[in-house]
Amino acid sequence: MMKVLLSNVVNGCRVGSITEVGRHGNKVLEFPGCLLYTRCGSAPHLTYDVLQKLDTVPEGVQITLPTLAEQHHVVKDFQQGIGKFTGMEDFFLYCSVQDPAVREATGYNFNKGVSVWGPGGRIKLEVADFMAIQKAFRPDWYQCLCDGDTASADTSTKRVRKSVDRTLNFLDQCLEIHQKSQELKGSEILGVIEGGDLLEERLRSARETCKRPVAGFVLDGFQSFAMERETRKNLLKAVLEVLPEDKPRIIHAVSRPDEVLEAVECGVDFFDSSFPYQVTERGCALVFPFSKRSHSDVCDETMIQGPDDSSQETTENQHCRGSIEDKRSQRTKFEMDLNDKEKYACDFRPVLPGCSCYCCQNHSRAYIHHLLQTGELLARVLLMMHNFHHYFGFFAAIRESLHQGTFQELKTMVTQRTK
Amino acid sequence: MAVKHALSLKILAECPTTKARVCKLVLPHHTVDTPVFMPVGTQGTLKGMLPAQLEELDCQIILTRIRLNNYGPELLDKADGLHNFMNWKRALLTDSGGFQMVSLLKLAEITEEGVKFQSPHDGREMLLTPEHSMAIQNSIGSDIMMQLDDVVHSTTKGPRVEEAMYRSIRWLDRCMKAHKRTDCQNLFGIVQGGLDPELRKICVQEMTKRDLPGFAIGGLSGGEEKAHFWRMVHLSTDYLPRNKPRYLMGVGYAVDLVVCSALGCDMYDCVFPTRTARFGSALVPTGQLQLKNKQYARDFRPIDDNCSCSTCSRYTRAYLHSIATQETVACHLVTVHNIAYQMNLMRTLRQSILEGRFPQFVQDFMDTMYPSRNYPVWVVEALAAVNINLQKAQPQPDAPLENIANTCS
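These protein sequence lines map, in sequence, to chains A and B.
Residue numbers for the first sequence follow my numbering, beginning at 5 and rising by one.
Residue numbers for the second sequence follow my numbering, beginning at 78 and rising by one.
Just chain A, with the same shape it has in the complex (with noise of 0.2 Å):
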């Protein structure tokens, strides 16, 4: 049985460990921390040897369905689940049923089902389709299928609570088959809360979850888009509350670092790596400081002077495929683009001085810049390796903060001005 290892709360941050977790027994996952994003259920630009080059990689693994749901006959075929379909077998995987990195087209969702947009266009899920796949795919841990659609400012009322009605009978529904099924004996089920901006929805959606036998919890719909700062807090410290201590928390397109802290602040255990992924596809590092031994001197100096107010600059964060030009209107102050001539194309110092990953030990700006130019794949595959390993490497930090008690330096840190 997973086992949750509370050690520490400390002003609503919770920090501990899950263990004997899905069918990967012997894997620890601690928490808060981070998933690796995938895409296909391959890390973007990298493949299995060069994600060995990484050191700090997470134990868990988000895999989405929009990227693979196409091929759940083939994994049906296979008969050793997604894991080992894609390589991934060694890792914990944790199945999602959207993709953090995209927003979700809204207005696809019916009564019985969801749309996911996979390669080849929708794919209608109703939960037999959606049961029969985490059959074939045997993940650890999966969300169940859910109704997010309450992110566009004109949700009305009644559409958010048709969200949390259906949410909850596809989870009975979901249930029922769960627990019949041989396929999914090593597999837990992860209930999600629904419920938009709506306080009262929220604490309904997250109530009636509790009473179903779930492993633990995804809270849906608080992408950046959805609403404000400080309604999200609101309604994440109200939902969180209501939740059993003993059940893991995960929050799903909620992972830019200031963002992140807050996410903690409020009692959430685990994140998505679509933000590093997003970084790096519009051509930029993750320089932001997170620890004393950083050289904030060149953060400084190299971080994207952004706005003040950074929730006005991140409204549009969750489009990754739009033009170029749309990605670079993205940029956020954690983050340093390389695709500027005049700042790198003679600068021969490491991405971010004293970063340990391989590409700050063995390329340049000025290369990736170069490369970046060029339109070069290794771009893409350097600047993944950093980014994730510069985000991995924050989420460890916060970690070790929760532990030395020095949380809020590193919020301090984390969320200071670009001067």
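Among these hints, one or two may not hold up.
Unchecked claim - So the derived list for chain A, only partly shown, Cβ under 10 Å to chain B, looks like this: (1) PRO48; (2) LYS57; (3) GLU74; (4) THR90; (5) GLY117; (6) SER119; (7) GLY125; (8) PHE352; (9) TYR371; (10) LEU375; (11) THR378; (12) ALA383.
As the list claims (entries may be wrong) - Between beta-carbon pairs, the in silico distance windows are: (13) B:LYS234 / A:LYS347: 29 to 39 Å; (14) A:ALA349 / B:SER196: 15 to 25 Å; (15) A:GLY16 / B:GLN403: 22 to 32 Å; (16) A:LYS80 / B:PRO150: 49 to 59 Å; (17) B:ASP250 / A:ASP94: 51 to 61 Å; (18) A:SER160 / B:SER196: 51 to 61 Å; (19) B:GLN403 / A:GLN83: 15 to 25 Å; (20) B:GLN428 / A:ASP94: 25 to 35 Å; (21) B:THR402 / A:ASP94: 42 to 52 Å; (22) B:GLY300 / A:GLY379: 20 to 30 Å; (23) B:THR402 / A:TYR112: 18 to 28 Å.
By construction, these hints were calculated from the structure, which means they are not laboratory data.
Glycine included, each C-beta is placed from N, C-alpha and C at the ideal position.
Use these hints to put chain B onto chain A, whose structure you have.
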């Protein structure tokens, strides 16, 4: 007294039957085992591969094409050469830039001074001279640099071929004069002469009068008939000095590598293995697998059961089918495999020469590639010219392999 070159060639073994040989080619940055296949990179990178991956794949030397607009000599001087800029510690070979001018740019015009072309960048007219090419390659700091030559399409006939051959000799002299770093970089001459045996002979005899560290056979592998191709290679290696490396440009199909090694070539380059990888095409001993094809959707075997590359030890054809041409990871995985295939082919080829069983290696290789023993005529003829008679092959049952027949155009 001969000039001291920045390389040495030690012949380890020569096949008693054919002209094949195994050498240690000691270059400033690395020692290379020949016959060697050199993967081709552009823009100071090899198609998404980390330098560490190339080392793990046992690549000892890579070729990098120079593009005139992107990294100027100033940047490379500041970066202290291309080795440093791309962090590649082993050997590098650079081309002169001339071939690309001619093959990629329709508006290139060749005069005695150099190659005049329009910049693909901003449309400005630019002139690439032998001196300019040497200056760039000196800035790059490659272990082997190529002369600027006057390349004509391999199917061209008439006086243009002769003119280009003689001009290439004149340009070679200008390159030798302009080459500033003979102590740490090696300049190779390129034998031209189209498909005319007389011109080839004149060119190779004239060029080998000059004390150069090595020679290339150029102007081939451009769509000419294979019957002409192998005869030009055969003739060139007959006249090239035994104690210097012989580089056959633009060749990379497995069958060609095996035949041309029998004809006495030491070095090869081609974009094919890495380019085809990016389209989801994987190299196997029986030919190629087009991984995008539906037949692989439920094929849970690795690309090649006998391959020990990191792709084959972890991924199935079915998974690669599902991500090919969709995720960049697919490009990387097939690129790793295809480079591993080329490296493994050359390693086993060298081993067979060292162990004195090269003819048997050739026989086995051809029987795997052509299970029905329908060897291409040119292969039979070329090998017969070096005393390997393929028709003596023992009949073997045809295996039902996924052979996309290697057409060897």
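Now the hints, each set against the structure:
This hint holds: PRO48 (chain A) has a C-beta 7 Å from the nearest C-beta of chain B, less than the 10 Å allowed. The interface hint given for LYS57 (chain A) is met, as the beta carbon of that residue sits about 7 Å from the closest beta carbon of chain B, less than 10 Å. Interface restraint check for GLU74 (chain A): the shortest CB-CB distance to chain B comes to about 8 Å, inside 10 Å, so the restraint holds. For THR90 (chain A), the interface hint holds, the least distance from its beta-carbon to any beta-carbon of chain B being 6 Å, beneath 10 Å.
At its closest, the beta carbon of GLY117 (chain A) sits 23 Å from a beta carbon of chain B; the interface hint therefore is violated under the 10 Å criterion. Residue-level restraint check for SER119 (chain A) is violated (minimum Cβ-Cβ distance to chain B is 20 Å; threshold 10 Å). Because the beta carbon of GLY125 (chain A) sits about 14 Å from the nearest beta carbon in chain B, more than 10 Å, this interface hint is broken. Hint on PHE352 (chain A) holds. Least Cβ distance to chain B is approximately 6 Å, under the 10 Å limit.
Interface restraint check: TYR371 (chain A) against chain B, minimum CB-CB distance 6 Å, threshold 10 Å, status holds. For the restraint placing LEU375 (chain A) at the interface with chain B, the shortest Cβ-Cβ distance is roughly 6 Å, inside the 10 Å limit, so the hint holds. Of the supplied interface hints, the one on THR378 (chain A) holds, with its beta-carbon coming within about 4 Å of a beta-carbon of chain B, less than 10 Å. The criterion of a C-beta within 10 Å of any C-beta in chain B is met by ALA383 (chain A), whose closest approach is roughly 9 Å, and the hint holds.
Restraint check, LYS234 (chain B) to LYS347 (chain A): a C-beta distance of roughly 54 Å breaks the suggested window 29 to 39 Å. In this structure, ALA349 (chain A) and SER196 (chain B) meet the distance hint of 15 to 25 Å, their C-beta atoms being roughly 18 Å apart. Roughly 42 Å separates the CB atoms of GLY16 (chain A) and GLN403 (chain B), a value that falls outside the hinted 22 to 32 Å. Between LYS80 (chain A) and PRO150 (chain B) the C-beta distance comes to about 58 Å, which sits within the given range of 49 to 59 Å.
A C-beta distance of roughly 60 Å is found between ASP250 (chain B) and ASP94 (chain A), which places it inside the suggested range of 51 to 61 Å. Judged by the Cβ atoms, the range 51 to 61 Å given for SER160 (chain A) and SER196 (chain B) holds: they are separated by roughly 58 Å. For the pair GLN403 (chain B) and GLN83 (chain A), the supplied restraint of 15 to 25 Å holds, since their beta-carbon distance comes to about 24 Å. With their beta carbons about 34 Å apart, GLN428 (chain B) and ASP94 (chain A) fall inside the hinted range of 25 to 35 Å.
A hinted range of 42 to 52 Å is violated for the C-beta pair THR402 (chain B) and ASP94 (chain A), which are about 27 Å apart. Range check, GLY300 (chain B) to GLY379 (chain A): about 28 Å between beta-carbon atoms, so the 20 to 30 Å window is met. Hint check: THR402 (chain B) to TYR112 (chain A), Cβ distance near 26 Å, so the stated range 18 to 28 Å holds.
Hint check: violations occur at hints 5, 6, 7, 13, 15, 21; the rest are consistent with the structure.
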